[in-house]
Every structure is written in structure tokens, then in C-alpha cells.
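**Student:** Required output: the full structure, derived from the provided sequences and hints.
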Amino acid sequence: MVEEIKKLIEQAIDTTELRVDGDGSHYQVIVVSEQFEGLRAVKKQQMVYAAVNEHIASGEIHALTIKAYTPAEWEKAKLFV
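Residue numbers are given in my numbering: position 42 of the sequence shown equals residue 42, and the series is strictly consecutive.
No lab work stands behind these hints: they were computed from the structure. Check each hint, because a few of them may be wrong.
Straight line, CA to CA, 20 Å or less: simulated EDC-like cross-link-like pairs of lysine to aspartate or glutamate [said to hold, decoys possible]: (1) Lys7 <-> Glu54; (2) Lys78 <-> Glu34; (3) Lys43 <-> Glu3.
Every value quoted in this text rests on a predicted model; they were computed, and no experiment measured them.
**Tutor:** Now the structure itself:
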């Protein structure tokens with residue numbers, strides 16, 4: 001399922017970095033994209049949710065933690081990841 005989630009996000013968002021981790025139905029994603037420039041955190045998360053919504057609706061994904069960054073934000077944040 002990790003690879004499927006990566007594929008779905010990559011199809012929907014032009015990512016510069018993408019990390020997906022999880023087990024069973026709980027997943028964590030880090031998405032870095034220039035498409036997030038100028039967007040608020042909620043809008044960034046909505047873009048990621050939209051990419052995997054089918055799996056959330058079906059119950060395959062029960063919980064999804066999203067960290068979405070622009071490349072500049074990621075440069076600062078990855079010091080703490």
C-alpha cells in the first residue's frame with residue numbers, strides 16, 4: 001500500500017521529494033512540491049487528501065498524517081525530521 005500511496009500522490013502532485021511510511025491502515029507522508037508555493041497548510045493537505053481520497057473513503061487508509069512543504073520550507077524543516 002505504501003507504493004500505491006506514493007504513486008497516487010505522484011500522479012496528482014509534481015513532487016520534488018515524497019516519503020511514505022506506515023503499516024496496515026495508518027500512514028505518514030511528507031510531500032515536498034513547488035505547487036505548494038503561496039498556499040496555506042490546509043490547502044496543501046487538501047491537495048494530498050484529494051490524491052488518496054478513494055482509499056480513505058473505502059477504509060483502506062484509516063489515518064493519514066500529512067506534512068506538506070515547499071522546497072524552501074523543506075530545507076528548513078528537514079533539519080528536524
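**Student:** Hints first: check each against the structure and report whether it holds.
**Tutor:** The hints, checked one at a time:
{"no.": "1", "hint": "Lys7 <-> Glu54", "result": "holds, 13 Å"}
{"no.": "2", "hint": "Lys78 <-> Glu34", "result": "holds, 16 Å"}
{"no.": "3", "hint": "Lys43 <-> Glu3", "result": "violated, 24 Å"}
Consistency with the previously given hints fails for number 3 only.
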